[in-house]
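First to last, the sequence lines map onto chains F and G.
Numbering follows the numbering used here, with no gaps: position 94 of the first sequence is 94.
Numbering follows the numbering used here, with no gaps: position 329 of the second sequence is 329.
Hints are computed from structural coordinates only; laboratory data are not their basis.
Quick reminder that beta carbons are idealized off the backbone N, C-alpha and C, glycines included.
Mixed in with the good hints, there may be bad ones.
Stated by the list, open to error - Under 8 angstroms between C-beta atoms, here's a sample of chain F residues computed to sit facing chain G:
(1) 39
(2) 80
(3) 82
(4) 86
(5) 94
As the list claims (entries may be wrong) - Derived CB-CB ranges, DEER-like:
(6) 98/F / 367/G: 46 to 54 angstroms
(7) 98/F / 351/G: 44 to 52 angstroms
(8) 272/G / 11/F: 49 to 57 angstroms
(9) 29/G / 197/F: 50 to 58 angstroms
Below, each chain spelled out in residue letters.
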Amino acid sequence: MRLQAEHIQKSYGKHRILTDVSFTLSPGECVGIVGVNGCGKSTLLSVLSGIAKADGGSITLNGKSGRSIFRKIGLVPQDNPLIPDLSVRDNLKLWYSDPDAARPYLKLLGITPFYKQQIRKLSGGQKKRVSIAIAMASDPAILLLDEPGAALDLPCKYQIRAFLKQYLANGNSAVLTTHEEADLDLCSRLYLLKDGRLLPQPATLRGTELLHILQNGSKR
Amino acid sequence: MKRFVILCQLELKRALRCLPRILLGTAVLLAVIGAVIFCGQHLLYGEQELNKAKIAFVLEDDSFFTAMAIRLATTQSASTRSACEFVFPDAEEAARELENNELAAVATIPKGFVSSIASGENLPIRIDFANEVGYEALIFEEIANAAMQILGSTQAGNYTARDFYRLCDRDGKPLQAAYDRLESAYISLVLSRESIFRAQTVGATGSLNVLQFFLAGGCILFLLLWGIPCIRYLTRDSKCLLAQFRQSGFSVISTITAKFTGLGFLYLILLLCILLPAWILWSVPVLPLILTALCLLLAACSLLLFLYEISDGGIGTVFLVLCSAFGLCLLSGCICPLPLLPGFCSAIARFLPTTYMMNGLTSAFLGVFSAYNAVAMLLSTAVFFSLTVLIRILRTK
Chain F
1 MRLQAEHIQK SYGKHRILTD VSFTLSPGEC VGIVGVNGCG KSTLLSVLSG
51 IAKADGGSIT LNGKSGRSIF RKIGLVPQDN PLIPDLSVRD NLKLWYSDPD
101 AARPYLKLLG ITPFYKQQIR KLSGGQKKRV SIAIAMASDP AILLLDEPGA
151 ALDLPCKYQI RAFLKQYLAN GNSAVLTTHE EADLDLCSRL YLLKDGRLLP
201 QPATLRGTEL LHILQNGSKR
Chain G
1 MKRFVILCQL ELKRALRCLP RILLGTAVLL AVIGAVIFCG QHLLYGEQEL
51 NKAKIAFVLE DDSFFTAMAI RLATTQSAST RSACEFVFPD AEEAARELEN
101 NELAAVATIP KGFVSSIASG ENLPIRIDFA NEVGYEALIF EEIANAAMQI
151 LGSTQAGNYT ARDFYRLCDR DGKPLQAAYD RLESAYISLV LSRESIFRAQ
201 TVGATGSLNV LQFFLAGGCI LFLLLWGIPC IRYLTRDSKC LLAQFRQSGF
251 SVISTITAKF TGLGFLYLIL LLCILLPAWI LWSVPVLPLI LTALCLLLAA
301 CSLLLFLYEI SDGGIGTVFL VLCSAFGLCL LSGCICPLPL LPGFCSAIAR
351 FLPTTYMMNG LTSAFLGVFS AYNAVAMLLS TAVFFSLTVL IRILRTK
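Taking the hints into account, I'd like the entire structure generated from these sequences.
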């Protein structure tokens, strides 16, 4: 599915977060978005997923617009949308109309060992994997991930990246916001979100050059 | 619809998971309330045992009618009699006991008191209070006012007779004779109405006895304060969970209804525990009690959901629930009967949900289901539920 965002604007009160954001996402692509804290990465993903309504611009999926297109877009937010007092099984039951549909993700994301445990007792990495499983409930063609590796241990990060690779290999697309250079290896395109605009960057941008871009908004 | 049912089921499960901690919080709440009552009792009564407040009448006027009038004033109110003990010492003994705080108040009826009412002179009654005095001051003021009204009613007849006699040029000795006869006739007739109060009870607690009143008021207060132990269940869901609900097609109304269902389930358990003793102790008819309890449950749930929605879920919410519970109950007459509160409280009470909760429960204790109060409670439920939905929508916009 082809996602097209054109001239997206979003403000919270008098504070303009997104000024003019435009980009296209083709099937099988993974786009990385980097930016300093508070630049609007999470806001952009909220708008793309339909949670927040854009003040201006348009979002189309295969040329179609409207609320129904967001059913094919899954969001893995930075915080985990989990009910702490319930088990993993009960949390997934809330989002999956067919319980069997969740089984592939239990194995793929390594959730099975703690499937019946209360969310409250899980580690950050385990919660993140459950969040990804929840995002997959609507069988989305496009997955939006907001800093998926934040505060996770290395094995967990590798597991999530492995899941993403397989997801992309199945012809799906993803948009990834991250501060981790290793996550950018999955991305075929890279953007810098600065002053409410998406600025295209070389996909191979790493290290001090990436740091300089983040600090100054342009290459040395 | 199926997903909404699943959501409700999971909310019930979530409520049950929180129940052990809620029960622990309930025990703490009962301990805190018990400590407050214990300290409050000591504050009000010091080292005295919690017996009736002792009030003395010193009768400088030893006329027959004065004694009758005082007896009427001190026996007409069942709730006053349950809280006060009236004694009739001499002046010296009364002053000594008052100084030693053995008396709550001393009322001195001056010589010629009754005839002063008849003549219009209206000698005042002096009332001295002990240094440490509590609610009995209010009760005694009520008695004093009642007594003055009763005795003052004789003046109307006396003045009418005087004016009539003077109109007929029958001043002097005939007028004085008329006064004497009217005095005995009016006061005897007025005071003989005392017998009415042997058959009827008049009290600030209405048709309930004091224990029933405080049980009903305590139920309402406890229902609201129980929102504090439920903090873990009632704390607002995280923003990202609410966003996930929104993205998945769960409306604000459905998520709040599901939460309402879970909270209602917890309250059902609580109400059964509270109202079961009432049913056993007083053999109150079950059906009115159950119907009233359901309405109480709905009203309390919606009010608490609203309070949690407008606050941050932390210590601020605890204070909000605490202050709201006590404030609403006080103004509605759940803690102190409305007749004993200032007049503006009655005006405010009309708009408070706790007033109808209290009235509904009072009726249920008397074996009657009050449809009027039930409708008011349901209306209050609808109002607070709608406000909760509105605030959630505005917050997540």
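Hints and how they fare:
1. Annotation: interface hint on residue 39/F violated; nearest CB of chain G at approximately 19 angstroms, more than 8 angstroms.
2. For residue 80/F, the suggested interface contact is upheld, since its CB lies about 7 angstroms from the closest CB of chain G, less than 8 angstroms.
3. Hint status for residue 82/F: holds, given a least beta-carbon distance of 7 angstroms to chain G, under 8 angstroms.
4. For residue 86/F, the interface hint holds, the least distance from its beta-carbon to any beta-carbon of chain G being 6 angstroms, beneath 8 angstroms.
5. Satisfaction of the interface hint for residue 94/F is found here, the shortest Cβ-Cβ separation to chain G being roughly 6 angstroms, below the 8 angstroms cut-off.
6. Hint check: residue 98/F to residue 367/G, Cβ distance near 52 angstroms, so the stated range 46 to 54 angstroms holds.
7. Our hint of 44 to 52 angstroms for residue 98/F and residue 351/G holds, since their Cβ atoms are close to 50 angstroms apart.
8. Look at residue 272/G against residue 11/F: about 51 angstroms separates their beta carbons, and that is inside 49 to 57 angstroms.
9. Distance hint for residue 29/G and residue 197/F: a CB-CB separation of about 55 angstroms, consistent with the stated range 50 to 58 angstroms.
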